[in-house]
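**Q** Between the sequences and the hints, there should be enough to build the whole structure, so can you do that?
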Amino acid sequence: MTQLSFLTSKPWIWSFAAAMATWVITMLFTGGSSFVGLSQATLTFASFSIIVGLGQMLVITLGPGNIDLSVPSTITLAGTVALKLMDGQSSWLLLGFFAALAIGLAVGLSNYALIKLLRIPPIIATLSMSFIVQSSAIWYNRGLRVKPPKVLADFTTEATFGIPNLALVALALSIFVWWLLEKSVFGRWISAIGQSPFAARMAGIPVDGARLMTYVCCACFASVCGFLLASFSGGAALNMGTEYLLMSIAVVIIGGTAVTGGNSNVPGIWGASLFMFLVVSMLNTYGFGAGVRLILTGLIIITVILAASRPSARAR
Amino acid sequence: MKGFSARLLIPVISLAILLCAVFYLQPRTMSYLGLNLLFNLAVPIALATIAQMIIMSVNDLDLSIGTFVSFAACVTAAFMPETPLLAIAILLAAIAAYAVLGFVITLQSLPSIVVTLGMSFVWGGLAVLILPSPGGQAPDWLRSIMTVKPPLMPMAIVASIIIALVSHFIIMRTTFGVAIRGAGGNGRSLVRAGWSLLKIKAAAYALAAFFAILSGMALVGLTTAADANIALRYTLLSIAGVILGGGEFVGGRVSPIGAVVGALTLTLAASFLSFLHISPDWQIGAQGAILIVVLGLRLIFNFGKRKGSAS
Amino acid sequence: MSDHDTVVSVKDVRVQFGAVKALDGVDLEIFAGETIGLVGHNGAGKSTIVNVINGALPPHEGAVSYGAQDSTTKVAKDNGVRCVFQELSLFPNLTIVENARLMHSDLGGWNWRKTAARLMREMLDEIFPNNSIQTQSAVGELSIAERQMVEIAIKFLNVTQAPKLVILDEPTSSLDATLAEQLLAHVRRYVSEGGSVLFISHILGEILSTSSRIVVMKDGKIVSSKPASEFSVQSLVETMGSVVKKSERKSARSAVQGSEQTVLHIPSGKAGGLDFNATRGEIVGLAGLGGHGQTEMLLDLFNKHCSNWVPEKQQNVAFVAGDRSLNGTFPLWSILRNLTVSNVRALARFATIDAAREDIQADEWKKRIEIRTPDIDNPILSLSGGNQQKVLFARALSGEAEIVLMDDPMRGVDIGTKQEVYNILQSEAVSGRTFIWYSTEMDEVCLCNRVYVFRDGAIVAELSGDDVTEDNILAASFSGVAA
Numbered sequence: 001m002t003q004l005s006f007l008t009s010k011p012w013i014w015s016f017a018a019a020m021a022t023w024v025i026t027m028l029f030t031g032g033s034s035f036v037g038l039s040q041a042t043l044t045f046a047s048f049s050i051i052v053g054l055g056q057m058l059v060i061t062l063g064p065g066n067i068d069l070s071v072p073s074t075i076t077l078a079g080t081v082a083l084k085l086m087d088g089q090s091s092w093l094l095l096g097f098f099a100a101l102a103i104g105l106a107v108g109l110s111n112y113a114l115i116k117l118l119r120i121p122p123i124i125a126t127l128s129m130s131f132i133v134q135s136s137a138i139w140y141n142r143g144l145r146v147k148p149p150k151v152l153a154d155f156t157t158e159a160t161f162g163i164p165n166l167a168l169v170a171l172a173l174s175i176f177v178w179w180l181l182e183k184s185v186f187g188r189w190i191s192a193i194g195q196s197p198f199a200a201r202m203a204g205i206p207v208d209g210a211r212l213m214t215y216v217c218c219a220c221f222a223s224v225c226g227f228l229l230a231s232f233s234g235g236a237a238l239n240m241g242t243e244y245l246l247m248s249i250a251v252v253i254i255g256g257t258a259v260t261g262g263n264s265n266v267p268g269i270w271g272a273s274l275f276m277f278l279v280v281s282m283l284n285t286y287g288f289g290a291g292v293r294l295i296l297t298g299l300i301i302i303t304v305i306l307a308a309s310r311p312s313a314r315a316r
Numbered sequence: 001m002k003g004f005s006a007r008l009l010i011p012v013i014s015l016a017i018l019l020c021a022v023f024y025l026q027p028r029t030m031s032y033l034g035l036n037l038l039f040n041l042a043v044p045i046a047l048a049t050i051a052q053m054i055i056m057s058v059n060d061l062d063l064s065i066g067t068f069v070s071f072a073a074c075v076t077a078a079f080m081p082e083t084p085l086l087a088i089a090i091l092l093a094a095i096a097a098y099a100v101l102g103f104v105i106t107l108q109s110l111p112s113i114v115v116t117l118g119m120s121f122v123w124g125g126l127a128v129l130i131l132p133s134p135g136g137q138a139p140d141w142l143r144s145i146m147t148v149k150p151p152l153m154p155m156a157i158v159a160s161i162i163i164a165l166v167s168h169f170i171i172m173r174t175t176f177g178v179a180i181r182g183a184g185g186n187g188r189s190l191v192r193a194g195w196s197l198l199k200i201k202a203a204a205y206a207l208a209a210f211f212a213i214l215s216g217m218a219l220v221g222l223t224t225a226a227d228a229n230i231a232l233r234y235t236l237l238s239i240a241g242v243i244l245g246g247g248e249f250v251g252g253r254v255s256p257i258g259a260v261v262g263a264l265t266l267t268l269a270a271s272f273l274s275f276l277h278i279s280p281d282w283q284i285g286a287q288g289a290i291l292i293v294v295l296g297l298r299l300i301f302n303f304g305k306r307k308g309s310a311s
Numbered sequence: 001m002s003d004h005d006t007v008v009s010v011k012d013v014r015v016q017f018g019a020v021k022a023l024d025g026v027d028l029e030i031f032a033g034e035t036i037g038l039v040g041h042n043g044a045g046k047s048t049i050v051n052v053i054n055g056a057l058p059p060h061e062g063a064v065s066y067g068a069q070d071s072t073t074k075v076a077k078d079n080g081v082r083c084v085f086q087e088l089s090l091f092p093n094l095t096i097v098e099n100a101r102l103m104h105s106d107l108g109g110w111n112w113r114k115t116a117a118r119l120m121r122e123m124l125d126e127i128f129p130n131n132s133i134q135t136q137s138a139v140g141e142l143s144i145a146e147r148q149m150v151e152i153a154i155k156f157l158n159v160t161q162a163p164k165l166v167i168l169d170e171p172t173s174s175l176d177a178t179l180a181e182q183l184l185a186h187v188r189r190y191v192s193e194g195g196s197v198l199f200i201s202h203i204l205g206e207i208l209s210t211s212s213r214i215v216v217m218k219d220g221k222i223v224s225s226k227p228a229s230e231f232s233v234q235s236l237v238e239t240m241g242s243v244v245k246k247s248e249r250k251s252a253r254s255a256v257q258g259s260e261q262t263v264l265h266i267p268s269g270k271a272g273g274l275d276f277n278a279t280r281g282e283i284v285g286l287a288g289l290g291g292h293g294q295t296e297m298l299l300d301l302f303n304k305h306c307s308n309w310v311p312e313k314q315q316n317v318a319f320v321a322g323d324r325s326l327n328g329t330f331p332l333w334s335i336l337r338n339l340t341v342s343n344v345r346a347l348a349r350f351a352t353i354d355a356a357r358e359d360i361q362a363d364e365w366k367k368r369i370e371i372r373t374p375d376i377d378n379p380i381l382s383l384s385g386g387n388q389q390k391v392l393f394a395r396a397l398s399g400e401a402e403i404v405l406m407d408d409p410m411r412g413v414d415i416g417t418k419q420e421v422y423n424i425l426q427s428e429a430v431s432g433r434t435f436i437w438y439s440t441e442m443d444e445v446c447l448c449n450r451v452y453v454f455r456d457g458a459i460v461a462e463l464s465g466d467d468v469t470e471d472n473i474l475a476a477s478f479s480g481v482a483a
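Residue numbers (this note's numbering), protein chains in the order written: chain A, 1 to 316; chain B, 1 to 311; chain C, 1 to 483.
Watch out, some of these pointers could steer you wrong.
[Stated by the list, open to error] Just the calculated beta-carbon pair ranges, DEER-fashion:
id, chain 1, residue 1, chain 2, residue 2, range
1, B, Ile162, A, Leu168, 57 to 65 Å
2, C, Glu126, A, Pro64, 55 to 63 Å
3, B, Ile278, A, Ala102, 21 to 29 Å
4, B, His277, C, Arg118, 56 to 64 Å
5, B, Ile300, C, Asn378, 36 to 44 Å
6, B, Ile278, A, Pro64, 52 to 60 Å
7, A, Asn239, C, Val310, 33 to 41 Å
8, B, Ile162, C, Ser209, 53 to 61 Å
Hints in this document: simulated from the structure, not taken from any laboratory. Cβ atoms here follow ideal geometry from the backbone N, Cα and C, with glycine treated the same way.
**A** Below, the structure written as structure tokens:
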């Protein structure tokens with residue numbers, strides 16, 4: 001009984017268990033020959049979904065209906081602009097980074113301005129915003145593929161003590177978000193808003209201010225991800241963000257964050273991101289195609305939501 | 001009747017203005033052939049928009065419409081010409097799956113956004129399994145329906161009118177449609193009056209799936225082939241179309257005719273921008289901007305109306 | 001004779017919500033051809049008995065029968081029991097005709113729109129002659145009064161089965177005098193033709209002029225049931241009043257008197273009425289029947305004094321919610337977090353919450369307000385309702401707020417807890433805090449230094465000192481009483 005409640009109170013365990021299982025199965029197939037390669041690749045690619053997932057998780061914590069669909073276009077625009085500004089020069093590195101952050105800030109502010117001014121659901125506001133951001137990226141990019149500065153390209157592809165640098169960045173950001181959610185005043189506020197916006201308001205929490213900050217945070221995480229992703233893949237591409245729309249939401253949900261809001265989970269994002277990448281490699285090594293992978297992903301998401309919904313439905 | 005016309009006013013005027021602007025920029029479009037070209041792709045979009053509208057009328061949102069339409073298109077292109085019975089069986093099963101979704105979402109009060117998001121992976125995966133690479137073919141009868149040349153008006157416009165009238169009849173005139181909108185307007189009252197919310201929402205989802213399947217088939221009829229990504233953008237387009245057509249996110253306030261008009265407007269907007277020599281880079285950005293402007297206009301309009309009724 | 005056919009018979013019904021006995025052994029029989037006026041103050045059990053009769057709430061004990069059958073929702077409806085709800089049950093997005101369709105399952109057939117339009121037209125014209133409501137318009141576009149008219153007409157509609165009992169819960173609250181008179185005339189006509197009506201209103205004149213029998217409820221019991229002719233406005237108010245002795249209440253009242261320093265002032269609003277004033281160290285009560293503008297005023301006050309965008313340097317107002325599950329507790333959190341949520345900024349250094357200081361503060365308040373729990377880290381929902389409410393009080397009082405707004409916070413709280421909280425309020429008021437306390441319970445209102453009585457969204461009376469009596473409050477809450 002206590003073990004059971006431990007497992008239900010730590011929902012991220014499931015995502016890690018699933019990640020471990022897939023890792024072992026893949027290893028069995030390859031006979032352990034790809035141990036280092038698979039682990040490093042997993043960590044590297046998972047880092048990107050971890051970073052966007054962290055931002056999306058903050059937004060989802062705000063409660064039902066809160067979701068940021070502008071994440072992929074922000075990734076693309078930030079990557080494009082940053083790389084073009086740096087123009088391959090290592091000395092312009094900081095400029096590029098701050099340009100990416102500024103884009104995140106602007107997108108986040110605009111998102112919340114639309115939500116508030118037009119009184120529309122976040123899903124529509126961020127959707128309309130993503131159209132405009134995506135167009136800006138297309139227009140700015142002009143089909144050029146600027147190479148990242150060498151320093152940056154090396155940093156994103158190399159490893160320190162056998163751990164990919166990107167994974168270390170993701171770890172640092174995760175610790176920051178963990179602090180934000182668990183230890184800071186702001187985290188307390190957004191968790192309260194997610195449980196009951198009205199009760200949060202009546203408890204004296206500046207609800208609009210906190211929500212604005214959350215949307216800005218999410219966009220900034222996306223822009224950092226775009227900056228790193230563009231540097232990692234040797235240039236920005238217009239479709240580089242596309243897969244992170246669904247991925248960012250999927251890792252949050254599989255990681256055990258409540259879709260009903262108020263309860264978020266940083267370790268779960270790691271478990272889920274590793275799992276998502278490992279499922280791909282597992283299915284690839286066993287020769288399954290993208291179709292099976294997609295179906296599995298969808299079924300996993302729905303199973304997780306169904307499993308999470310049961311207790312509350314019974315309580316009512 | 002008052003609400004009916006007020007809800008339609010803005011969408012119809014926007015479409016008319018846009019149409020005049022296109023005619024002015026490119027007088028050659030003012031012909032049978034020109035109109036057909038302008039609105040050719042509007043039919044599947046209009047059908048997908050109606051599907052989304054039905055889901056929105058029960059206060060939910062379907063983020064898997066795009067992948068589901070792609071799935072339906074793949075099934076149609078892959079199986080319909082050779083083994084029509086198999087194709088029909090698969091599509092009926094898909095409708096049943098939607099009904100189950102509606103049932104489960106209502107029963108467990110799940111967020112429809114997340115559930116349909118998960119389903120979008122499933123439909124996408126199935127589509128890839130059915131058609132791993134672009135291909136298939138349109139059955140002849142479908143092809144001939146979509147390319148028929150009726151007198152006076154091009155096919156695209158005739159079809160849009162038929163879609164608008166049929167969906168208007170189902171959603172606005174029948175008891176079933178009234179119950180669907182009632183579920184969005186005041187679910188508690190509906191239950192108190194003795195209706196089953198579960199049944200109504202399951203039926204609404206099934207009806208939406210039916211329209212989405214028609215959308216996929218229409219798309220195959222136009223393009224003669226399909227692939228798993230053929231209609232991904234329909235998810236966003238359909239939501240935008242419903243909103244442009246005067247529908248609202250919650251409260252069961254929708255307009256099927258408006259939704260079709262909204263879909264036509266979106267289709268036309270793309271041509272309009274290209275006639276203006278605006279770089280295609282800004283095409284989707286303009287769609288976003290149009291959505292924002294319309295929502296802003298509606299807010300002002302509603303605000304003025306409320307102020308007017310208050311004084 | 002149809003005169004004494006029983007329509008509904010309620011026998012020894014008991015309903016209990018937590019510690020509150022909402023209905024405590026009620027017997028009520030409604031016969032065909034009579035109008036029963038139902039009066040009582042907040043919490044007397046009016047809504048509960050209505051829900052029991054219309055089948056929405058099965059009684060925990062006792063029995064309800066319609067004619068000769070047993071009761072379920074279906075049966076109540078099949079027996080022609082219709083209810084006009086105070087918070088209307090219409091579908092705002094649908095037209096009047098469509099609303100009628102969804103409310104009446106027997107309104108089917110191919111041409112139901114035409115039938116419904118005709119029936120609604122006839123019924124609206126019968127009840128409210130010369131109205132200008134179009135049956136094709138959407139309900140959301142009608143004025144509040146028109147919506148009320150439509151709801152009433154739909155409930156009186158006779159499609160294949162005539163209504164036998166129509167329950168009207170405050171039906172005239174949004175109608176003007178002419179429309180109200182038309183409705184009352186219709187009620188008399190309907191009753192004379194053999195129907196029966198259960199009529200709830202805070203306007204005693206209506207009750208007296210329309211009812212054939214008046215039932216007075218108090219504390220979940222029927223205290224009086226006599227022909228209307230045996231009542232007067234004065235005797236009704238007296239019957240609703242409690243039997244608690246005046247001297248007892250007086251001694252309990254706060255000895256504190258507010259200072260001269262005004263901390264809040266609100267000029268009278270659109271609805272007219274008196275100004276609102278509160279001074280430092282005062283306990284100001286807001287009284288009147290529920291839903292007459294008290295909560296709205298508290299929310300307005302709160303929103304005016306607490307920014308929604310920027311964190312306040314110092315919190316000026318705190319709010320104690322009455323409906324805990326709706327706007328009070330955070331269900332996922334522990335008792336500790338629920339207690340400190342308003343105050344975390346004061347407990348933080350460099351934006352990081354100091355867990356040790358948080359623990360100290362929570363422990364201090366746990367002792368001070370006696371929250372009964374083995375561990376303050378337990379989930380909030382592990383507490384009883386009364387203890388959850390104590391946590392909300394501790395949340396408001398642990399901060400530095402000068403003004404504490406209370407929105408009927410003691411609803412459904414046991415008497416022991418109430419007494420403990422009263423004592424804390426008294427001592428906090430002495431130390432200079434101002435309390436603005438909306439309460440639906442008479443004994444609480446009588447604890448206040450000064451009381452504003454609300455009716456129809458405005459302050460209609462200000463009572464202070466020895467004038468704060470149940471009789472005075474009741475007299476002001478119900479209109480039709482000569483001042």
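**Q** Work down the list of hints and note, for each, if the structure agrees.
**A** Here is how each hint holds up against the structure:
no. : hint                            : in the structure
1   : B/Ile162 x A/Leu168: 57 to 65 Å : holds (60 Å)
2   : C/Glu126 x A/Pro64: 55 to 63 Å  : violated (45 Å)
3   : B/Ile278 x A/Ala102: 21 to 29 Å : holds (26 Å)
4   : B/His277 x C/Arg118: 56 to 64 Å : holds (58 Å)
5   : B/Ile300 x C/Asn378: 36 to 44 Å : violated (50 Å)
6   : B/Ile278 x A/Pro64: 52 to 60 Å  : violated (38 Å)
7   : A/Asn239 x C/Val310: 33 to 41 Å : holds (40 Å)
8   : B/Ile162 x C/Ser209: 53 to 61 Å : holds (59 Å)
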